[in-house]
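*Asks:* What follows is the residue order along each chain.
Number of protein chains: 2
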Amino acid sequence: MAQPLTMSQLDTLTEKYVRASYNDLYTFLSLPNNSRIDGHIQPNIDWLQKAFTQRGFSVEVLPTKGKNPLVFAEHKADKTPAGKLKTLLFYMHFDGQPVQPADWQQASPFTPVLKAKGENGTWQPIPWEKLQTTYNRTDGSREWRIFGRSSSDDKGPIVMLLTALTALQQEHIPIPYNIKVILDSEEEVGSPHLADAVGQYKNKLQADFMMIMDGGRHLSNQPTLIYGARGIASVTLTTYGPRGAQHSGHYGNYAPNPALRLTQLLGSMKDEDGRVTIPGYYDGITIDASVARILAAVPDDPALIQQTIGVTVPDKVGRTYQEALQYPTLNIRGLSSAHVGVQAGTIIPDKAIAELDLRLVPESDPQRLIRLIRQHIEQKGYHIIDHEPTDADRLQYPKLIQMRAAVGSLPFRTEFGGLEDQWLTQAMKRAFGREPIKIRTMGGTVPIAPFIRTLNIPAIHVPMVNLDNNQHAANENLRLGNYLEGIKTWLAIFTE
Amino acid sequence: MAQPLTMSQLDTLTEKYVRASYNDLYTFLSLPNNSRIDGHIQPNIDWLQKAFTQRGFSVEVLPTKGKNPLVFAEHKADKTPAGKLKTLLFYMHFDGQPVQPADWQQASPFTPVLKAKGENGTWQPIPWEKLQTTYNRTDGSREWRIFGRSSSDDKGPIVMLLTALTALQQEHIPIPYNIKVILDSEEEVGSPHLADAVGQYKNKLQADFMMIMDGGRHLSNQPTLIYGARGIASVTLTTYGPRGAQHSGHYGNYAPNPALRLTQLLGSMKDEDGRVTIPGYYDGITIDASVARILAAVPDDPALIQQTIGVTVPDKVGRTYQEALQYPTLNIRGLSSAHVGVQAGTIIPDKAIAELDLRLVPESDPQRLIRLIRQHIEQKGYHIIDHEPTDADRLQYPKLIQMRAAVGSLPFRTEFGGLEDQWLTQAMKRAFGREPIKIRTMGGTVPIAPFIRTLNIPAIHVPMVNLDNNQHAANENLRLGNYLEGIKTWLAIFTE
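If you read the protein sequences in the order shown, they are chains A and B.
Residue 164 in the UniProt record's numbering sits at position 164 of the first sequence; the count goes up by one each step and never skips.
Residue 393 in the UniProt record's numbering sits at position 393 of the second sequence; the count goes up by one each step and never skips.
Since the hints were made in silico from the structure, they are not lab data.
Just so you know, even glycine gets a beta-carbon here, dropped at the ideal spot from N, CA and C.
Do not rely on the hints blindly, as some may be mistaken.
Claimed, not checked - Residues from chain B shown here face chain A by an in silico Cβ test under 8 Å; the list is partial: (1) Gly252; (2) Thr312; (3) Pro314; (4) Asn331; (5) Arg333; (6) Asp357; (7) Arg359; (8) Pro398.
Model the full structure from these sequences, guided by the hints.
*Replies:* Here's what the structure looks like:
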């Protein structure tokens, strides 16, 4: 194996091969990729199959119990006997969020557009061809952005990988690892069949270390590694008032109001500072000195976060933003009873509904949290049902509530300091000249717990794109500087 | 003036003239009457003008500041010099609630259908002509119902009046009162211009006593008088979270949740039994022994009420249903934050909205109640604004809320025992052989406070229709027995 490439060599290599990659990026982003729409996914599979095959990978399409299969690409290590080398498993996805074309400031979310920021601060289209001619490191072009669905989430990182592979192939630089890439086609709908598939293809997926190339870097847009993600569960609560909405004059002060009941119940679950007051909810979580040090090392700017989301005083679950992410949440994500605005009637509603989501951390078993919520509700005098109340229910129980709960992705966390952490940190330092930002737990959810649990391997998240990429919304975009640094990251990983 | 007609004479007279009235009822119910739809109201005015003129009334159309005028019909007392006789003012309305024809079990809400209850308990159409041939007091036909918009609310009572007038005219029975009838065309949209019009036409409307012929009898369907109605005010509260909905993973435990804030605030306004806990909210209201006696005399069946609305344990604002109506309400009539059901996203909502209605009693000045709510909100640490928050608002105030309030109809109450009460009670006793049910305050709202305040006269509500008439909903109907007893009631009033 050759001497690891230096930062300067990585930059040179990236810049040498990036121009030829824009055509791939353009073509790939032009393929619609809503997994719920028939006909969207297959052209993407065909494209991926060709792209990885050209780069010396063997590619398989792995059927799941769902509508859309997974794509699996594998590359046996160059030169050295494969058995002795480590195997790296990469997770990415090529499906995208649904689009509302009318909300996009371009002809189509599937016709990529290059834009530069105009003097008035808005994004103005510039010719795609400028990527070939004017690009260099000092002309401001690193701030340009490529707009299109999945530019950041998550096709961009796939093309960064393909570009790095081309560079290594053309330069005859061997990769001293076995590489496995699993490409998900239903990530944006929660990867409902992934856990099953990981079980089914366990032997094929077996690896020493997993990396997830999805999501955005730290808000500062500095190179970032993420060691854990929260999981998610959901709870739906429905309280009941009179059978059918009743005239608020005839029955006001007499028929119990389900919206009042629900507000009192929900309000009792947290204190004024957003901390869950249900005993035991945060059990098992400790922020000791070493964890506190890890969290404090993240260069968050509270003022910037607060300004970004328009909040003056944050909740006090943790002392800092990073600390807050180490705890499970209990979040009201939707609330409804009868109507508001012009549709509002003078009635006592028949029911009131709350949708809650619970972000999970490894210490918080979702079944335990759901049980605690259940007990809290029962202690408030409710009879919990799993159906719309019958007349008999209504006559028997003064306080009725329907509760439904579901567990989605589970959380994961890879502890700091392991071999893989050291190895990956070293690669990032070589590429960028300094330690990456290391985030112990990201707030969101990735569907990779099945890999960690089934394959029993550590995993680290290597986000490459700008956080302000409008992921999941209109005008999703990828910052050109992040695209270049992403290619460099892949090169650094493969040569570490 | 002749000897008052006996109960038996009133029945005979009613039955003699009722058959000829069905044609009027059919024609009048066939005229669409949504005051918000151009062209609906004028044909009704034309019809009323003709009907009252035929019965010896002078009719005027009184323009208001709104789109639709009032109809005013006046009849000078027969025989005796008008100046010495009392003047009775009757309020009714001829506009109707909007209709959703698809929800009606008949061809059109404006094609009246006669129905009898089938053996399976559902309403089955029978020929309209049966009203002419088979009707008598013992064949069950009093349980038949006439289905059509405004059959009960409030065209039915107008046709009952017209029928009574025809009977008295044909029988040459003099009416010893001056009669004024004011017919509202915008009651179902809250009579927004009525107060102004009453001021404008004060002299024309001047009377000694006002009766409101609208709404349903007591649930027992026994003859009923109502001495007061609650008023109404509304409050809209909007709490704010992050600027724009935020990812519940990225910001859960950090960005304050506006739905949680709203639930805690609303939940703090009442206790578990539905009693307002804001100090002073119920000030001025006393249920002394004499009031308690009046309320207890209403033959309510709590079990029946509770079964009707599917509630086991009512709120405890009053000790009984009638007591509950003597207090103002604070009712959550609508609640919304982000989405529930399939639309629910994993987000922290940007805002949460509650719509409240406050039913008013004479002791509860709406401005005072609104001020108390405002103070309560401020004591909970909120900064109250009257607009969507600016970035500056967000940075300055940790807890922001928008509050808007509006006062609608005011309450009224005519105290028991006055001359008019005695006179009307006597007429009802003559017609039905016993004391009517006397309700001190009905829960709902009628737009007649302007009459009472401007004309400074007592008012009593004389409901005639069955309470289960589906008023405001699809399949509105009028029980035939109530139609007959309504005609009799008018005859008794005019001959008392």
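*Asks:* Hint by hint, say whether it matches the structure.
*Replies:* For each hint, the structure was consulted:
Interface restraint check: Gly252 of chain B against chain A, minimum CB-CB distance 4 Å, threshold 8 Å, status holds. For the restraint placing Thr312 of chain B at the interface with chain A, the shortest Cβ-Cβ distance is roughly 5 Å, inside the 8 Å limit, so the hint holds. With a least beta-carbon distance of about 5 Å to chain A, the hint placing Pro314 of chain B at the interface is held under the 8 Å criterion. Evaluation of the Asn331 of chain B hint against chain A yields a held restraint, the C-beta minimum of about 5 Å falling below 8 Å.
With a least beta-carbon distance of about 6 Å to chain A, the hint placing Arg333 of chain B at the interface is held under the 8 Å criterion. With its C-beta approaching chain A no nearer than about 5 Å, Asp357 of chain B sits inside the 8 Å limit, and its interface hint holds. With its C-beta approaching chain A no nearer than about 5 Å, Arg359 of chain B sits inside the 8 Å limit, and its interface hint holds. At about 4 Å, the closest approach between the beta carbon of Pro398 of chain B and any beta carbon in chain A falls short of 8 Å, and the interface hint on this residue holds.
In summary, the structure agrees with every hint in the numbered list given earlier.
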